[in-house]
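Please arrange chain W on chain A, whose structure you already have, making use of the hints.
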Amino acid sequence: MTEAITPLVSLQGIGKVFANGVTALAGFDLDIRAGEFISLLGPSGCGKSTALRIIAGLTHPTQGTVTWPAASSADHRDDIGFVFQEPTLMPWANVADNVWLPLRLRGVSKSDARERIAQSLALVGLEDFAKAYPRELSGGMKMRASIARALSMRPKLLLLDEPFAALDEITRFKLNDDLLRLQRELRCTIVFVTHSIYESAYLSSRIAIMTTRPGCIAAEVEAVTPTERDPNFRASPRYAALCQEVSRLLIGSVHDKGTE
Amino acid sequence: MKIAIAPRTLSRIALPLAVFIAAIGAWEFYVRSHAVPTYILPAPSLIVQTVVADWPLLSASLFVTLKTTLLGLGLAVAGGVGLAVLLSLSRIVEYSLYPFAVVLQVTPVIAIAPLLLIYMPQDAAVLTCAWLVAFFPVLSNTMLGLQSVDRNLLELFRLYGVPPQQTALAHLGSRMRELWLLRAPAALPAFLSGLRIAGGLSLIGAVVAEMAAGSAGAGAGLAYRIIESQYRLNIPRLFAALVLLALTGIILFLILSALTHAALRRWHESALAPET
Numbered sequence: 001m002t003e004a005i006t007p008l009v010s011l012q013g014i015g016k017v018f019a020n021g022v023t024a025l026a027g028f029d030l031d032i033r034a035g036e037f038i039s040l041l042g043p044s045g046c047g048k049s050t051a052l053r054i055i056a057g058l059t060h061p062t063q064g065t066v067t068w069p070a071a072s073s074a075d076h077r078d079d080i081g082f083v084f085q086e087p088t089l090m091p092w093a094n095v096a097d098n099v100w101l102p103l104r105l106r107g108v109s110k111s112d113a114r115e116r117i118a119q120s121l122a123l124v125g126l127e128d129f130a131k132a133y134p135r136e137l138s139g140g141m142k143m144r145a146s147i148a149r150a151l152s153m154r155p156k157l158l159l160l161d162e163p164f165a166a167l168d169e170i171t172r173f174k175l176n177d178d179l180l181r182l183q184r185e186l187r188c189t190i191v192f193v194t195h196s197i198y199e200s201a202y203l204s205s206r207i208a209i210m211t212t213r214p215g216c217i218a219a220e221v222e223a224v225t226p227t228e229r230d231p232n233f234r235a236s237p238r239y240a241a242l243c244q245e246v247s248r249l250l251i252g253s254v255h256d257k258g259t260e
Numbered sequence: 001m002k003i004a005i006a007p008r009t010l011s012r013i014a015l016p017l018a019v020f021i022a023a024i025g026a027w028e029f030y031v032r033s034h035a036v037p038t039y040i041l042p043a044p045s046l047i048v049q050t051v052v053a054d055w056p057l058l059s060a061s062l063f064v065t066l067k068t069t070l071l072g073l074g075l076a077v078a079g080g081v082g083l084a085v086l087l088s089l090s091r092i093v094e095y096s097l098y099p100f101a102v103v104l105q106v107t108p109v110i111a112i113a114p115l116l117l118i119y120m121p122q123d124a125a126v127l128t129c130a131w132l133v134a135f136f137p138v139l140s141n142t143m144l145g146l147q148s149v150d151r152n153l154l155e156l157f158r159l160y161g162v163p164p165q166q167t168a169l170a171h172l173g174s175r176m177r178e179l180w181l182l183r184a185p186a187a188l189p190a191f192l193s194g195l196r197i198a199g200g201l202s203l204i205g206a207v208v209a210e211m212a213a214g215s216a217g218a219g220a221g222l223a224y225r226i227i228e229s230q231y232r233l234n235i236p237r238l239f240a241a242l243v244l245l246a247l248t249g250i251i252l253f254l255i256l257s258a259l260t261h262a263a264l265r266r267w268h269e270s271a272l273a274p275e276t
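Chains as they are written, first to last, in full-length UniProt numbering: chain A, 1 to 260; chain W, 1 to 276.
It should be emphasised that the hints constitute simulated quantities derived from the structure, not laboratory data.
Any given hint could be a false lead.
Derived list of chain A stretches under chain W, where covered just means 3 residues or more per stretch with a C-beta under 8 Å from a C-beta of chain W [to be verified]: (1) 73–87; (2) 101–114; (3) 129–143.
These numbers were taken from a predicted model, which means no experiment stands behind them.
Glycine is no exception: its CB is placed at the ideal position from the N, C-alpha and C atoms.
One chain only, chain A, in its complex shape:
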């Protein structure tokens, strides 16, 4: 991948000061390239989630600009799928109705959305649970339903905010692989917020390491492109070396900030 490609989203000089005076982000620059899997990695409270919410337009930066160089329209919400830290499903609605929600809010009737709902559920392997209620599902399945909902709009950009942090390791590994498969099939761009070095090293084609608050990008690591990845990637020396490098950079970025 060359640097010359126009980024999908470009964040320049982003600063965010909350109403209570806390500075979450300062001098945050990031270009999100079309088709990549980029992880925002950093310690908790470093403003990763805030950066993600700014990309989604859920909150506005107090400084700097967010641009979509390649987009023609000013409203990008059709292009965005957002997955929260918790599944955030409506407990009173079954899985199919939960997946329908984004389309429903755009005025698509249930019969028109039926095919799209079924496709989204099939993508995450929940086709047999359309009629189930959220409380009948396990944690991993709830997260799958949440991802299916984000996919129902067929977004160009999928934003995930520590989606697997609360899941057990086995479920997390499975969902990691499923997420990579989804990206291959849908050819979407993914921004993934995490505080796990191993998760970011496993999933990403690029890792952006953040400093402690106020957060900015401390280092960027080119990781593994999808073509290089093989089923045994988790056991490979390449993975181990990547984890080590990312961990060194992360500790360095936190340390630098601490001694300033």
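Relative to chain A, chain W alone:
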């Protein structure tokens, strides 16, 4: 309530029933063995006989009280939910009206009843009383429910809903859709628990107002029959009216509980059968 009768369910029904029967038996035995005069304490068997014998009179009174209670409850639900929705849509309305609702609630209603009886015809005053006491639990619980929406779900509505830079009408439309799709179902459990409280309070309000009104005639409710029986020392009839009032309260509670269960059983934690 499960239909399948597990040993646990059986004991949950059988135990209180056994205690109840034992207490009634002890009462009957005490009255008979000590030959207590009926104007002091009638035996349970005599109370049942009185209910049957005075049924034409008592049933008419029961109907009056029941009508007041249900009408008061219905109006409280309509008013409470309506006002809660209004308050949740606008902060200005909430700040200006909510304190008055609290004042209405904390003022003991029996103190207002005589005043209402001066200003209104008797049945309207009694109805207003029942409405006043039932109104607040519906209002406050519905408001709490409308506000206790998952914040992430609200953000999701903002992400996929109408763009922020739209006309006022479109903005109102998206607020209404948010209310209907998100806030209303989220508020349902709290509303229903308010409804259960309001059902009991509405009956209490009706009884208190009837006692304050204290008038006879065609519009005499069960509470009036109790006062009347007291004056006439017709203690068996007093007990009979009391039993009917208690039964009304119990049935009202059971109906509202069944309604809650039916509405929430698929998704809400409170309606789930305990794990065995």
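Against the structure, the hints:
With 6 residues bearing a CB less than 8 Å from a CB of chain W, the segment 73–87 of chain A meets the requirement of three and the coverage assertion stands. Counting residues of the segment 101–114 of chain A whose beta carbon lies closer than 8 Å to any beta carbon of chain W gives 5, which reaches the threshold of three, so the coverage claim holds. Check on the segment 129–143 of chain A: 3 of its residues sit with their Cβ under 8 Å from a Cβ of chain W, so the three-residue criterion for coverage holds.
Against the hints set out earlier in the document, no violation occurs for any number.
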